[in-house]
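Participant: Each chain, letter by letter, is given below.
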Amino acid sequence: MTTTEAVSERVNTTAPKEYTLDVRGIATHIFESGPETAPVLVYLHGTSLGNLWLEYHQRLASSFRVIAPDIPGFGKTERPDLMRDMDDYVLFFRDMLDALGLEKVNLVGHSLGGWMAAEVAVWYPERINKLVLSNASGIRVKGTPIANLFALNPQETLDVCFDDVMAAMPLMPSEMNVDYFLVQYRERQTLASLAWNPGFDRKLERRLARLTCPTLIIWGVNDRLIPPVYGEVFHQKIAGSKLVSLPGTGHMPMFEKAQEWADAINEFLSPNGGTLR
Amino acid sequence: MNKLEFHYFHLMPWPYLPKDFEESVDSAWVTVPNSIYDPIKGHELYNRYFDELERADKLGFDSVIVNEHHQNVYGTMPSPNLMAAVLTQRIKHAKIGIIGNALPLHDDPLRVAEEIAMLDVISGGRIFNGFVRGTGMEYFSYGVNPTLSRERMNEAHDLILQAWTQPGPTIFEGEHYNYRYVNIWPRPIQQPPPIWMPGTASLETIDFAAKRKYPYMTVFMPMAQRKAAYELYRRTAEEKYGYEAQPNQLAFCTPVIVAETDEIAYQTAKKYLMWLFHKGLKVRPEFNFPPGYISEKSFLNVLKAGVRGFQLSTLDDLIAEGVVIVGGVDTVIEKLSYYTDELKAGMLVAGGHVGEIPDYLVLKNQEIMAKEVMPHFRQKAEPAVTPQIREVRELVGVSN
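Taken in order, these protein sequences are the chains called A and B.
Residues in the first sequence are numbered from 1 upward in steps of one, following my numbering.
Residues in the second sequence are numbered from 1001 upward in steps of one, following my numbering.
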């Protein structure tokens, strides 16, 4: 599902390249767009947001060579059965950078992808130039649990994730058929493998102190899935990080405030951005 | 062999629900507020339920059965082994079924092996088991990852069987469970205590049971589904594992309301039976099928079957579909005969206690079942064939 054409008109760039990359035997579906000579930005999507190329991707691609893989178990990238834990994913992303021939990248992750991005930065700091965590999971803030996606029905999920439900239109299937529900079930299995219980990494919060790269934390202030206090804790734990709170949006700022969200990231990742440490 | 074994199961429900339960509580499982439970009334209720099981024993049922469920009003037995321990002291003749322990919910299945061994020794070898995975809801209640449910089930099963049957100490090396010393004290009397597999027609469970010749028990399912499950079990047994499935491998669990006449039974069922389906099994749909709890193949089957939830079922639907059995003695005998004669299923697991049903009606149900239905399926005592009789028969050319 892409809305490339509609977006292209608005942000005036070309359609993304789409290809499959062999990452140690995992056929990884990737969108890529942006000036070939620009610095690389790897974008890790959130749960069930694979196989998408939307306005927000395009906005990032105006300044960067954006590489947006479908994370194994989402979109068009299948997950091998034994790929079940976060460390499998951390290794996968390192392998992916190797397969792409990229030594050092800017890494941007949203929600579950944010958790993965933070883990990759903890384990392979030498591969990360700058890090952006948007509405990221991965840690626990006691007393303020993340909403339990597994217990929510589709309507409740939309209500928790979106301030403006109309912004979710690109996620609506053209037809609610058996295939659609099967894909949903499959993707939820991937999420459950990683985040059924606990839905975080007990060690990540402590390990965030190891991060050395400039880091931007960006959050929709009305996030009802991963409350903004999570952004504050990431901000506290990552020395020198910058926190940007976006008003008028919740868990999905890139859908609801695509320009503000992308501007903040583009500015931070620009050569002079994010250097205030 | 009797044509039909009569097993008596109890769910031990919590019947005292607030009047506005159906509007105010969106799930009778997982999130149902436990302020609804009154421990003082619970004390009286548990003992009343034990009395009912004791009566089933005295009336001649082959076994009494308890099970494991968590955080719900449907059944208040989070530890079925505790219930079985009580029953070993109350039930003198019948077997005691624990159908079952929800193995994947427990991080230490060796404990289950030990407890069943204890119960088997205490009861003099009268324990049989169901090994189950627990409902989808229980993966929410216990926080166990549903994507690992089946693997944990299979591994726990292997571990428990090893603990029961192999002289210890042995070593168990699994993906999910790992023990250097498997050496349970006590060992069970039965080698091993029998295992049944209750199921809701999932392909994987049927194969698992057929492979090991474990009785397969259909649970609260429409007749068409039960039939399909038995057929698959038979076919799997025959074509894949090379043997013919016997009636004592096919069990059916169904609430049975029997009374003097069809009409009285129907009225009783109308008043009490629907509690089970409309209240006890009121489940938030998201709790039913957590991701990975069933395989994608089974999930597809569920999608395609377009199953109507029990919430929308009427008593007439459930009777017509064969989910429940309701009727006078002749009707009940006829319906049970369909299982024994047509489906060749030889083990009835009948519950008589549903929801708010008063004790005198439970008693009546049990008595009619035991005294008027049961004898129809019991083998008539045949005169012993002495060597002299055999000799005479041979002389006159009459076979046995």
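Hint data in this document are derived by calculation from the structure and do not stem from the laboratory.
Treat the numbers as computed from the prediction; the structure is a model and nothing was measured.
Be aware that a few hints might be false.
Claimed, not checked - Residues on chain B that point at chain A, a partial pick, calculated with CB under 7 Å:
(1) S1141
(2) G1143
(3) E1286
(4) P1290
(5) P1291
(6) S1313
Yeah, the Cβ is synthetic: ideal placement off N, Cα and C, and Gly gets one too.
Participant: Run every hint past the structure and note whether it holds.
Facilitator: Hints, one by one, checked against the model:
1. The criterion of a C-beta within 7 Å of any C-beta in chain A is not met by S1141 of chain B, whose closest approach is roughly 11 Å, and the hint is violated.
2. Here the hint on G1143 of chain B is kept, as its CB sits about 4 Å from the closest CB of chain A, short of 7 Å.
3. Interface restraint check: E1286 of chain B against chain A, minimum CB-CB distance 5 Å, threshold 7 Å, status holds.
4. Of the supplied interface hints, the one on P1290 of chain B holds, with its beta-carbon coming within about 6 Å of a beta-carbon of chain A, less than 7 Å.
5. The interface hint given for P1291 of chain B is met, as the beta carbon of that residue sits about 4 Å from the closest beta carbon of chain A, less than 7 Å.
6. At its closest, the beta carbon of S1313 of chain B sits 21 Å from a beta carbon of chain A; the interface hint therefore is violated under the 7 Å criterion.
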